[in-house]
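Line by line, the protein sequences are chains X and U. Using my numbering, read the first sequence as starting at 1 and increasing by one per residue. Using my numbering, read the second sequence as starting at 1001 and increasing by one per residue.
Derived by calculation from the structure, the hints in this document are not laboratory data. Remember, predicted model here, so these are calculated numbers, not experimental data. Beta carbons: idealized from backbone N, C-alpha and C, even for Gly. Watch out, some of these pointers could steer you wrong.
As the list claims (entries may be wrong) - A few chain X residues facing chain U, derived, Cβ under 10 Å: (1) P50; (2) A52; (3) V67; (4) A71; (5) P73; (6) G75; (7) L105; (8) P135; (9) L153; (10) E185; (11) L189.
Said to hold, decoys possible - Partial list, derived from the structure: chain X residues whose beta carbon lies under 8 Å from chain U: (12) D53; (13) R110; (14) L113; (15) R115; (16) P134; (17) W141; (18) L142; (19) T143; (20) V144; (21) S146; (22) S158; (23) A221.
Residue-level listing of the chains:
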Amino acid sequence: MSDGLRGAFIHGRPALVAYVMAGYPDRAGSLDALRALVDGGADLIELGVPYADPLADGPVIREAADVARSANPGGFGLAETIDLAAEFLAEMGEGAPPLALMTYLNPLMRMGLPRVAEAIRSAGIGGVIVPDLPPDMAPMWLTVSSGIDTVFLAAPTSTPERLSKVGEMSRGFVYCVSTTGVTGERTELPNELATLVGRVKASTTLPVAVGFGVSTPEQAAIVARSADGVVVGSALVRRQHDAGELRALCRELADAVHGVV
Amino acid sequence: MSKMFPRLDEVYTGPDENGFFGPYGGRFVPETVMPALLELTAAFEDASDDPSFQEDLSDLWVDYVGRPTPLYQARRLAEAVGLGTVFLKREDLCHTGAHKINNTLGQCLLAKRMGKKRVIAETGAGQHGVATATTAALMGLECAVFMGVEDIRRQSLNVYKMKLLGAQVIPVDEGSGTLADAVTAALRHWVERVEDTFYVLGSAVGPHPYPVMVRDFQSVIGLETIDQLQGRGIEKVDAVVACVGGGSNAIGTFYPFVLAADLFGSPELVGAEAAGKGIDTDQTGASMTLGTPGVMHGFYSYLLQDDAGNPLEAYSISAGLDYPGIGPEHAFLKDEGKVSYEPVTDDEALEAFDLLCRTEGIIPAIESSHALALLPRLAKRLGPDATVVVTLSGRGDKDIDIVREAGLGSE
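Generate the whole structure from the sequences, applying the supplied hints.
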């Protein structure tokens, strides 16, 4: 069983949070991808659940979700993702990094919140990130999800009151969204990012990981100067069809975040 | 405006401060737009309490839209369908040809009040897009409208109108290229540009406060109807009918009747939803008949979805009703038994379209034709002396290519 997501942030250095899409390019390929992230030095794995209407995601993750849903016979959704994670975590045993599901709310609702919480716990999954579940709407989930770290998102638009709420209600870490907009690679980081990270850190006792728009080792190294963790998604998903390429990029990112280079 | 009505909890509970009508509604959106929704909620409540805001809106409704719209007694239609009396609430006579402008004027006035200089909108049939583009031109706001590529193809007239009115039309080439995809694209864009952009949502859907805001701005339809029926000395109405996609003209029609349930002998309220090719096919938009509760576009309501919780692609001949969800207040009214919802197929809607053209000389929108298609059914149920009110939500100029393709008017 997992010790929760916070275990990724106790190594005395910034953590790399690496995102891949479950079921992409197919189930076996995504299992290889998870192994590649471990080999590549990821401290925390964020496993995306394929969904038809991913409101917060950019084109790369959207396309991967579409492929995952259509390439696997019978589709690929939350149940299949939990099953995949369970297999991966069992295979890794003690060596497994903490793993969080990134899923939209409706697949959870459709499966039934108590049932999905039980499935997540028994799979050994440490936490969930639900981008369309702000803290205000979360009580219905939090009352049934004890033992699961629910990570809330802080945004550049969040008011001080809302940052406090996010900081208090999050478990594991706080996910700081670097910029307004959807996930995806961007050529430049926002100028005021360090200030934002400072505001979020001041609102919580938890580690703060920054995501959205971070894609290169250079960007990751800059973000790691102010944040406790760096989330990279689209850039990794773009290499997910080839475990070798994926491992190589993950290693470069991990080295940059860990301050090795 | 809310304040014009009796206290809501005298009739039913909702929405609460998070926008829930019973279990339905809410604000299921990324944190990035939560502050904007809270700010919008406060601004809307403030405007609702401000008589000068209501006066400004009311003046525009009268002088610019041409309100009140007529309540027209359609005698030849009544005879053809076997009913005693049929009244048509003529929203098709609104400036821009549909009820959508009632709401865009309200929301754009609010945008100006909040100091926003840029508005965006989604559109299906193009009526809400045209209404938003029109209002933006009137008020000097920059305007961009998201529209699915399939809808751009089947509603080319409205696309051109929006461009004439100075709006930018942004094609959405995802999913089935229809209304649901346009809403998603508009929401995504809003997440990115939330600081300088006001999202003018056209239907009674989306995160709180949109469903309530759209309802309040559209309730002028039902309020006028009640007033006009009373003005004619009508004491008994058997049914009030409107078409439902997301449900803006329907909630605007029904809500005042729900609040005044003791008037006119408590008519039954009936929503006509799009069955598409039939509720036994997978080409349908009948979310009330076939859907189950779920979250899409920031709210919890009946939804066409698969076993994994993915929203399904809806289908209807009508771009305005081609949506896999429905406004949360409708879901609540259905569960409470205050409104019933019946599916109407493409073919039934086309037949009703044809009938209204030939009996009354009125070319209805294909959306509104779904409501008209319930009349023969109601005649069977309520008998030949019954009185029925239908909200004719829009006019059919935009649908000429679609009905021609379907073979109407070929003789």
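Okay, the hints, checked on the actual structure:
no. : hint : verdict
1   : P50  : holds, 8 Å
2   : A52  : holds, 4 Å
3   : V67  : violated, 14 Å
4   : A71  : violated, 15 Å
5   : P73  : violated, 14 Å
6   : G75  : holds, 6 Å
7   : L105 : holds, 5 Å
8   : P135 : holds, 8 Å
9   : L153 : holds, 4 Å
10  : E185 : violated, 15 Å
11  : L189 : violated, 16 Å
12  : D53  : holds, 5 Å
13  : R110 : holds, 3 Å
14  : L113 : violated, 12 Å
15  : R115 : violated, 12 Å
16  : P134 : holds, 5 Å
17  : W141 : violated, 11 Å
18  : L142 : violated, 15 Å
19  : T143 : violated, 15 Å
20  : V144 : violated, 16 Å
21  : S146 : violated, 22 Å
22  : S158 : holds, 6 Å
23  : A221 : violated, 25 Å
In summary, the structure is inconsistent with hints 3, 4, 5, 10, 11, 14, 15, 17, 18, 19, 20, 21, 23 from the numbered list given earlier, while agreeing with the others.
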